[in-house]
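Enquirer: So you can see what is in the structure, the chains are spelled out below.
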Amino acid sequence: MTKTVTDVICPFCGTLCDDLEVVVSDDGKQLLEVYNACVIGTEKFLHSQAKDRVTRPRLRQADGSWKEISYDEAADYTASMLAKAKKPLMYGWSSTNCEAQSVGNEIAEISKACCDNTAAVCHGTTLIAVQDIGLPTCTLGEVKNRADRVIFWGCNPAHAHPRHMSRYSIFPRGFFTGKGQMSRKMIVVDPRCTDTAKMADVHLQLEQGKDYELLNALRVAFKGEWLPDVVAGIPKEKIREAADMMKSGRFGIIFFGMGVTQSIGKNHNIDEAIAVTKDLNEYTKFSIMPMRGHYNVTGSGEVFAWQFGFPYSVDLTRGFARYNPGDTSSIDLLNRGEVDAMFTIGSDPGAHFPISAVKHIASVPSVCIDPHLTPTSGVSKLHVPVAFNGVETGGNCYRMDNVPIDCRKVVEPPAGMLTDEQFLVMVRDRLKKLKGAA
Amino acid sequence: MSEYIIKNGNVFDPVQGIKGDKKDIAIKDGKIVDKVGSGAKVIDASGKTVMAGAVEIHAHIAGPKVNLGRIYRPEDKLFSCTPTKGMERMGGGASIPTTFKTGYEYAKMGYTTAMEAAMPPMFAKHVHEEIRDTPIIDEGAFPVFGNNWFVLEYLKNHEIENTAAYIAWMLRVTKGYAVKVVNPGGTEAWAWGLNCLSVNDPVPYFDITPAEIVKGLIEANEYLGLPHSMHIHPNNLGNPGCYQTTLDTLRLAEGMKANNKFGRESVMHLTHSQFHAYKGTNWGDFESGAKEITDYVNKNKNITIDTGNVTLDETTTMTADGPFEHHLTGLNNLKWANCDVELETAAGVVPYIYSPNISVCAIQWAIGLEIPLMMKDPMRCYITTDHPNAGPFTRYPRVIKWLMSTKARETQINAFKHKDKVLSQTSIGSLDKELSLYELAQMTRAGPAKSLGLGGMCGGLKPGMDADVAVYNFNPDKPVADPEDIEKAFSRCAAVFKSGVQVVSNGEIVSTGNKRTLWVNAKVNDNPQVMRDINEKFLKYYSITQANYEALGHHFVPNPYALEVDATHV
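Protein chains in written order, with this note's numbering: chain A, 1 to 438; chain B, 439 to 1008.
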């Protein structure tokens, strides 16, 4: 006999779907099937069942080989590494739950570390823009129930957030949107003809890197002022058509992704996109929302903020929290060679940071806490595999619209494996002893 | 648990009518007791003021909009960060301090209980995570109901029993404490960019008026017999002439009687009344309506209010009154954040600088002080700053100074750039009342505790009550030489006890105490219709499933304290 667990939360992307059904074996030890999830989410659940999974911490030996060690030894190594370091960097946090993040922050406070999450290479620029100009936003259910104008700017949910359009933004029939997709106009702004762009009523195929110009042109068009014949490769008639479409809606939303946050202009693009949204609120109701990537990167920002006051790139080395992206952000710290110990959890900087930064990771004492084998675990001195959060343990997570959803445990982790939180508690308690903290 | 005896302090306790008598307060097993054994630890309070731990009835200290303020205002941390120190975790933030700093600051000022004034139900988990990380003080959170689709639909047909059943369900799944109403109907209208500025403006689509929502929620609140009354931020906040809307709202409570077992006598709590007491037709002829509001409240015993004192600081405004924040960003052009929440509410955040050089800000300051000085019954008027909207809660000692000293008020009035305008548009110059310590204890302890239905538990020093005690370095027998001494004395306590544990000694944190989350467990008759409606709304309109909605488990509410209400007999 098998059991079906319902209302399961998918720990993959910021869409944080919570309607999955997972079939597990009667003893709750094997995960057999996954329903309702997208192909990426399904894979995440099924991957936990991989037969070749690493289930014990491994320490790199002088000859480059791995030696299996116990969790106790791993915790000793991690605690003493953090205790010795002058400026440890604790990076990641986006693929673990808020309870683990909370314990991690305690560790960071005791070891006076720099803490950062994946926003540093993703929506950190968005956060800077929000600090400049604010953020009119809403929950995804508002989009489902009210939105008749949906704009995807520099993002491709068809591939990156596969269920976003069916659950929230384009297809669902909400309270005031009874005709579903028929009641919505969809605009996609992307230099590429993506699968999302192919679905759009209007595709503004702008020249790459000209987002700021186009956003600015839209603001001009709202006011009916003069425009050059072509802006960012788009004829002015098409810009005015898009502007009128946005203004004429009853409730609109702009979703934006890495195409604008990490292309030329960075936070200035987002400044302008938020200004567009603010302008539109003079005519109708409009919101804007970043398409957050990791399923709990939003939560990491929230926990950092309520405990330290800043959402990412927090530097605790002076004993109180400082924040200065560009100075206190991970890649900059690594590239300047300031970091003397690297602690990675719930993220893969080895795959996403510039090679110069990754080389520095490889040159200092380092720990990687991750259920998977990743490029980061490959360059780290210690790899601590843990239970899959959201599959083998629960814990709170925040969706891209900041809505908290408590993940579920659906299956037992392999015997003897610890969760992120359990391992971090071991590290914290050892560190307190080493540092003589209260 | 240890025993303590606080000796020879000048005790002010409205619950027992003690007005500064020299008395000993004994503490045992977390409670105030008549006497303790000779082994009890002695705290010498001679020449000091002893009161119950203070009770905060309305502050925004935990949850999504507070944290949005922290996230989008790094400038608020400038010069306000505090390092790790002994028991204390590091902190930061002036108008929106981090959770740890929030707990420590309240405790150091002698506060032991605080209410988070607006919890968007869908974000209850977030609110509770922050409450969990706010040390020492007991906290509860008020879920917002005034723009909730269920409430709008039930009350359109005046279905009180269904509304009550829904409220009971909501309090249980969100671990909420009371019925909060913010800009009734107006915030739902804001989802379309509109607003309801009077109690008779119909809500778009739902075709119900704010008046019907408010009356219905009072009736449902009393049907259930909840500890606190309906707690309202009325329509039309902050506009010149808004006092009329406020009076229209207050009149909705006429003839209503409190029904509860907690000793509460009010049926409506008007919060941050300063923001709702404006006369005039524009910012030029802006004037105080404090007299009109307090005259009405003085006559109507079933209403309680809090002040919402402007403290003349740079701060961060945040409210579930979404349209108001949009209006405010239009006035001051500072960064605007907004979040509409499906089926339930919305919120906005805008920084604000209350400058003593701007006449409107100075008049707001005066109105906030006029209200408590004009209220005849201090048991029905409580001191708040609507933290952080009119100013940070850390300014309570300053507000107390202004209320206790005409000299301090005069000094401030003389420092205003538009002093003449303040004096002509308000009556602050002619008020010579100075708050007594007994009245202060009524306005910050016994009064708010009674209004919250906690009158039997905290806010007093009667044997049997929770041992929440604050000892201030303030000698009531000596005349006050300098009003600054008042502010200093109320900023840092000599000692604070929370449920019998000493948490503050000489202004320093010595224990993180035994923090509890207060919530109300209201039992009602089975109501299949409401359960079916809830089920249907989750299936069709919410973006999360019903099974994932409840804030359940140790990581959200590690130390709950439920106030039980039985409304099944009705």
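There's no promise every hint is true.
Unchecked claim - DSSO-like, lysine-lysine: derived pairs with alpha carbons at most 27 Å apart:
| id | chain 1 | residue 1 | chain 2 | residue 2 |
| --- | --- | --- | --- | --- |
| 1 | A | Lys87 | A | Lys433 |
| 2 | A | Lys87 | A | Lys359 |
| 3 | B | Lys523 | A | Lys247 |
| 4 | A | Lys84 | B | Lys523 |
| 5 | A | Lys179 | B | Lys975 |
| 6 | B | Lys737 | A | Lys87 |
| 7 | A | Lys409 | B | Lys978 |
Stated by the list, open to error - Coverage of chain B stretches by chain A, computed from C-beta distances (three or more under 8 Å per stretch; other residues unrestricted):
| id | stretch |
| --- | --- |
| 8 | 659–668 |
| 9 | 743–749 |
| 10 | 850–862 |
Since the hints were derived computationally from the structure, they do not count as laboratory data. Backbone N, C-alpha and C define an ideal beta-carbon position, used for all residues, glycine too.
Enquirer: A separate judgement is required for each hint: does it hold in the structure or not?
Expert: Structure-based check of each hint:
| no. | hint | verdict |
| --- | --- | --- |
| 1 | A:Lys87 <-> A:Lys433 | holds, 19 Å |
| 2 | A:Lys87 <-> A:Lys359 | holds, 17 Å |
| 3 | B:Lys523 <-> A:Lys247 | violated, 53 Å |
| 4 | A:Lys84 <-> B:Lys523 | holds, 21 Å |
| 5 | A:Lys179 <-> B:Lys975 | holds, 18 Å |
| 6 | B:Lys737 <-> A:Lys87 | violated, 64 Å |
| 7 | A:Lys409 <-> B:Lys978 | holds, 26 Å |
| 8 | 659–668 | violated (count 0) |
| 9 | 743–749 | violated (count 0) |
| 10 | 850–862 | violated (count 0) |
In terms of the numbered hints stated before, the structure departs from hints 3, 6, 8, 9 and 10, listed from lowest to highest.
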